[in-house]
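Participant: Protein chains in written order, with full-length UniProt numbering: chain A, 1 to 329; chain B, 1 to 329; chain C, 1 to 329; chain D, 1 to 329; chain E, 1 to 329; chain F, 1 to 329.
No lab work stands behind these hints: they were computed from the structure.
All C-beta atoms, glycine included, are put in the ideal place defined by N, C-alpha and C.
Any given hint might turn out to be false.
Covered stretches of chain D (in silico footprint by chain E; criterion: 3 or more residues with CB under 8 Å from a CB of chain E, positions within the stretch not fixed) [to be verified]: (1) 26-32; (2) 86-100; (3) 111-121; (4) 161-168.
Residues per chain, in single letters:
Protein chains: 6
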Amino acid sequence: MSKIVTLGEIMLRLSTENNNRFIQSNTFRADYGGGEANVAVSLANFGIESEYVTKLPNNPLSDSIFRYLKANGVETKNIVLGGERLGTYYLEVGTSVRASSVIYDRKYSSFSTLNYNELQIESILKDCKILHLSGITPALSENCKELTIKIMEKAKEMGVLISFDFNYRGKLWTLDEASPVLTSYLPYIDICFAGILDAKNIMKLGDHSDLNEYYKEITKKYPNIKYLLSTKRETHSVNENSLTGFIFKEGELIASPRYTFQIVDRVGGGDAFAAGALFGIYNNHSPKDIVDFATAASVYKHTVRGDANLVSKDEIYNIINNGISTVSR
Amino acid sequence: MSKIVTLGEIMLRLSTENNNRFIQSNTFRADYGGGEANVAVSLANFGIESEYVTKLPNNPLSDSIFRYLKANGVETKNIVLGGERLGTYYLEVGTSVRASSVIYDRKYSSFSTLNYNELQIESILKDCKILHLSGITPALSENCKELTIKIMEKAKEMGVLISFDFNYRGKLWTLDEASPVLTSYLPYIDICFAGILDAKNIMKLGDHSDLNEYYKEITKKYPNIKYLLSTKRETHSVNENSLTGFIFKEGELIASPRYTFQIVDRVGGGDAFAAGALFGIYNNHSPKDIVDFATAASVYKHTVRGDANLVSKDEIYNIINNGISTVSR
Amino acid sequence: MSKIVTLGEIMLRLSTENNNRFIQSNTFRADYGGGEANVAVSLANFGIESEYVTKLPNNPLSDSIFRYLKANGVETKNIVLGGERLGTYYLEVGTSVRASSVIYDRKYSSFSTLNYNELQIESILKDCKILHLSGITPALSENCKELTIKIMEKAKEMGVLISFDFNYRGKLWTLDEASPVLTSYLPYIDICFAGILDAKNIMKLGDHSDLNEYYKEITKKYPNIKYLLSTKRETHSVNENSLTGFIFKEGELIASPRYTFQIVDRVGGGDAFAAGALFGIYNNHSPKDIVDFATAASVYKHTVRGDANLVSKDEIYNIINNGISTVSR
Amino acid sequence: MSKIVTLGEIMLRLSTENNNRFIQSNTFRADYGGGEANVAVSLANFGIESEYVTKLPNNPLSDSIFRYLKANGVETKNIVLGGERLGTYYLEVGTSVRASSVIYDRKYSSFSTLNYNELQIESILKDCKILHLSGITPALSENCKELTIKIMEKAKEMGVLISFDFNYRGKLWTLDEASPVLTSYLPYIDICFAGILDAKNIMKLGDHSDLNEYYKEITKKYPNIKYLLSTKRETHSVNENSLTGFIFKEGELIASPRYTFQIVDRVGGGDAFAAGALFGIYNNHSPKDIVDFATAASVYKHTVRGDANLVSKDEIYNIINNGISTVSR
Amino acid sequence: MSKIVTLGEIMLRLSTENNNRFIQSNTFRADYGGGEANVAVSLANFGIESEYVTKLPNNPLSDSIFRYLKANGVETKNIVLGGERLGTYYLEVGTSVRASSVIYDRKYSSFSTLNYNELQIESILKDCKILHLSGITPALSENCKELTIKIMEKAKEMGVLISFDFNYRGKLWTLDEASPVLTSYLPYIDICFAGILDAKNIMKLGDHSDLNEYYKEITKKYPNIKYLLSTKRETHSVNENSLTGFIFKEGELIASPRYTFQIVDRVGGGDAFAAGALFGIYNNHSPKDIVDFATAASVYKHTVRGDANLVSKDEIYNIINNGISTVSR
Amino acid sequence: MSKIVTLGEIMLRLSTENNNRFIQSNTFRADYGGGEANVAVSLANFGIESEYVTKLPNNPLSDSIFRYLKANGVETKNIVLGGERLGTYYLEVGTSVRASSVIYDRKYSSFSTLNYNELQIESILKDCKILHLSGITPALSENCKELTIKIMEKAKEMGVLISFDFNYRGKLWTLDEASPVLTSYLPYIDICFAGILDAKNIMKLGDHSDLNEYYKEITKKYPNIKYLLSTKRETHSVNENSLTGFIFKEGELIASPRYTFQIVDRVGGGDAFAAGALFGIYNNHSPKDIVDFATAASVYKHTVRGDANLVSKDEIYNIINNGISTVSR
């Protein structure tokens, strides 16, 4: 029971460089990312045995993804090869008052055609302590909806903890489409990443005044959920935000410190929070330690280019314990 | 009466990259810009039929300018070819306490030799609703002084609205040289971009306590001026400024919200304001809507590399209506 | 009857830089290309009025394509907006013994869903002297097969000359699939770009000893074909080839000089030949002049990055007339 | 007995870019390489289980090396951490008549302090079919001399085949220093990479007229040597060479075809030959097949930036079987 | 007595680009720096005759250093050639909450082997008004310790003013190692750059409440020290700091204004302060003018890439007198 | 009598990168060059004391030129500051069949306004053994014509050897304009760089069958000319040429070996030949040694980016003595 497995879609990300707009760009930076892959990569960099499962087309772009995952020490042996194309997205990196902009080109991706039967499910879940999934997968296709629920059932059966990040994406499905699907997963979930908007708009809970009340209601309805987590983001400008993390455990809501910081790369901030939290939960840390580590990790991620949080646990502890220094020599 | 025409000089801009100083630079980024060209390009991106008139030497650098203008949908058919050289300027991009620095190499440019007779003036002003000029042109040469007044007379005669941006440049001429020339244009102008310093130092108006008083005096002397506009810039650092826009219409001074923002490229901020204002005036918007759009457009420009505001009107409205978001997906 | 129209798919091309392999690349250079678009861009650079028709998704990547076409002076007003995605391909640029490698990601593209009814066909073919199509289009989808034949019929009806480049792509369909489709177009074609392999494998003609014999047989069967053209490429290495062009007109086969040259960008060499030939045919040049210009243009293209031949007709004539010089000053 | 192990030094290579000389360079491209590491990486890309052993300092530069090796699928678990610094070398990339130039900064490297006792030698050699070493290691330090002979003895004892590449480097030691050391290894070697100059200057064999005679003498003296291999390089210019490979097995000398090719990166050409040969030997291919594959692999390497041959076996077979094509689509 | 001489180690600095972490970097930017070299370069840019003395290996990397120094107008004729290697360091440039990180690879450098006897000491100190040294040199090797004290004695003897920057580096030696060495220099020093931590931890002075008290005690014990200087840095984030400079002269502590600023390159900020101070001291400016210039120079340095302050004295005076402007044109 | 002085115009050169055409370029590489500056820089790199004289505008672009010259060890103390602008030229770097293309923007440059009286002529020519001028200078302006002849007269008077490179540029003046001017210099010249075309078209000599005959006639008419030199270039392609050097001394014509080579940067090839020849003449080498060194130097220059030959004399001797090697390690 020693590894953490994540399953989802990884995409080629093509980003504009040097503050150019799309229409000014004649080069793109290539990175690879997707919520669950980002979590796996971040966990491996924290020193946790992690495995990532997906489906990729059989071409050299996928080779680059395998190399990226292996370089980070993520197990790739259960990745399925096949399908027609690699999901892709284009990112125009914003700054100041200009928001970043995403063009998805992920339809018809290999992952969206992944069937439960293609997976070596026993090999994947054996020795697995936590399985991490997200609400992006069921948004991709009917296949992926079916896949998600079947994996959850199997994981439950094998005694694996289920971590789930709601990650609602308005460009992939409507709230009305997402609500019944995501809500149906709640009885399976042990660790749940969901915020006020998820509680209100997707779980369709009553009107509460604050996060604490929402979390109380959720855990009353779904006593199986051991951890509820989310962050509150304040946007001062596209390149300066504040972030506070929250964890709800055994009826108590605990907040992290509030960080204000400049942003190099906004994408993957939520996944870094999830990875930070799973790191603490995996190691049975206290709720306060879990949320402090997860929030500092998420803040740190905003300074790293690419989707994933390329940082060691010591570097995160250093920020938590010593604050910010400019240079060590 | 459907197009807006701008006439002036466009230059090759060679900028330092990656925060290098001039003496550290062995590459330059090439852009093309000039106040009136920037206005034309911005208007075309807002969806307005716009035409740009200038004079360019017959060489491949000018080809690049034609391609740039055409890519943006700006009409170029009345551009005159000839003369000896393309005006050029070098920009050291500053940050923090280090100001940006400009080296002009625009003397003897083709545009500075443009004669009124070289222009297909009927073709240029036919179907033209607004003609936009600036105070940079008469600063360039005697030719250009004569050109400016002749075009204004012709435009007046043909019933075209005249927009004029004072744009005083201390590196091109002294206040004493500029004052009589620019003041002589005032009776022709319908839409005037001029601030407190222009009123004081160029129009030589009496000492007033605020912009409102200056604008009242100007419109009393020149009742032909239907719109008076300007911005107030506060410099927190080279890469963080605040900006507020002002419009004076029918005796009333109206201010935009005040924006504080980080800066990617400071050049062309004023031209983006002018283009934003002309967009509103062209569409007969209310003074409040005009100044709000113009100011948001100017702020947005500071996030775009190059001289011109490569942004659609929807993106500006999005900032006005929804404030700043970090990423949409 | 003054313009040349081309219709087909244009794709975003993402190329590796600095001799990197795909798995070494973390940036890609972005260009835009497709056989018919390349012909339109090249013709516009030769000074011919050209228009390009395609279908593009409604997103900022398509904006970049519009800007690229407009910068080159290609008319874009009949381009259809809609569909799901922009066709994309990845190019690993080879050299020496390492071949260039292409990964197509063009399935489900907007263009592949284009229906004849979506086209403003009257506007497109009015004043059109030559319509240029290629064998790539029918390889893309059933839609595109139907589209191709319907346009040919309409063009015939409206007295437009039809130019067709066989352009067989083994990654898109098999010879058995292509043969009946492409052969069915032959009765419509006035200008036909097809080589020995096309004659043998697609038209399924008998075994002849040389190109001349093949061309004789083709024109005997399809007397409507006024021009038959092709090139012979010799591959000394991935970055050094030789090229000879051939034209068959009124029973006579004429060859261009044989050029040996180094290669900067191999893609679009055939399209540059087609554009060069159409330039000569449009201007009623002699067969010898047509093939000499087309071949020199194709050779020149190999020195230009991107898919299209960004070169003026004077530069081509300079090579034909004066051979190679190193620098003019 | 399924893996191939290589042991030696890996260095950070800092190369000039864009044909700049050292004194023109203000950026360097970073790659990682060393003869034995290059062999391990190349073998892994051919699909062979390969492991690399070295000693690295405990800092983030070594992290990059681990990531590079793991990305390529090379086992790294027996790499020793410790010592003071990472060996480094600077490469000025030449072209035409300007030779490439190397500045070594490898003295005092962690690897040069590696002791036999620091190695998990049982873990390293277990299941190892071939151990590959080179003459660079004993040139680095007394430590490394001792290390080399001890490993050979242990490998012999454990029934592992020993492959050895003479790789004489005049910048590291003199012929007089190298000769007794390298000669003393000959009785241990099964697969020997050594050419005419090695035979003459290091083994101090008598004067023979050709390679065949030298190889006959070597195998007479050292009947343990099952394979003798080398290449003959002809230098037409710094960026155009010809290469022919030779293998001597059971008394017979067999040559590969002679390839003439352009060069992107000359470094690692010999290591690519060794890896190609070990691939064939590992798979019990015929001598002709071994040398043909090894030579084509070496030629291919010259087209790949960096020290190692990032190529699959299929790509090499494609060149052997089909010759050179320009692009496949 | 007209020149200022500095002596110390200069290193090749290899920095990450575009906010990449070390493990993401496959290029490095190359600069050259070291405390004393930075001071010499900055002084030369202020128009002061300056000379730099060091020891460099005889290879092309050193050629680049000579070229860098000569380009800046620094005299290099007394630099000693020899030794084994150039000291190197790697800089991961941080931002926001991510600190910059340095990997030193300077051990065994040529400079660390420099002996007093290798220096043309008479030529170096002749006509020298101020000799500037730092506490980095004695931390490098026993050689360098001996060298430092011998040079100080000789300078004293020849009537040269001695400037010394404590520059304690925890990565090079411990406080216990540094304390006796650095303290032993105090009787020789005329101009001393040392702050509260140096006073407390290295000079081991008693516990005082503020800088003024420390400086009083120092000058009581070492009346030879004519100037004591330091800065106070406040770290708001890795890329935003505040800085205040202090000077103590004839019993009085004077502070500069406090600047808050964004950071392009943090390295060399202290050296820029030292150079600014030496500029004022050399020119016999008032203490207030000295510290104002030094502090503004240090702040300016944070906007310049590389180790040294590439700025003229006029640009510093412009900030002192006029504050910050965005662009002059 | 120990230094060589060169006088002429130096320009900012802005070159396209990565094989882009002008219209594809949005960055330019910046170098500095001009025939006489190139000679001075090359000579300094050969270890000869060299000084360069010109006139530059007082702006930061000139600072970069001073830094470039000083970095190369060229004396700059007699450079005159003043005038309006820095001469500039744009270079589209060609390859294969695509010629490089130059756009001059040098009119009205500071140098073109240089008057003889502005020069510190005594300081310039004192201790000068050879003064090198070229035919570009008199082509620039009337000023420059007068300047050239006056300097020649003064040099003659002071016993300085005069070297002159005809360097006819058709873009600057016609043969008819150049002929009387350049011919009038011949009685002053000791070392003359002029080829067959110069003899025919500018000196208007009779029709001879070969270079030897022309050189005989020239030295008969102008017995003051001690050395006549030129090269013969064969253009296989834009990036592959052959070059042979010729020297005529005391009635004998001697040829260098013929080199065939690939080209990185064609500009400055002739200046490198001149510098190589002056190096030999300065050191009283034999005519054969002079022409061999000059030709190898010129060939080498074609592999170096920028205008000047950044190479030591040892590197040239290495090519002459050992031919081409690929890498030394």
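Participant: Does each hint fit the structure? Answer for all of them.
Facilitator: Okay, the hints, checked on the actual structure:
no., hint, result
1, 26-32, "holds (count 6)"
2, 86-100, "holds (count 4)"
3, 111-121, "violated (count 0)"
4, 161-168, "violated (count 0)"
In terms of the numbered hints stated before, the structure departs from hints 3, 4, listed from lowest to highest.
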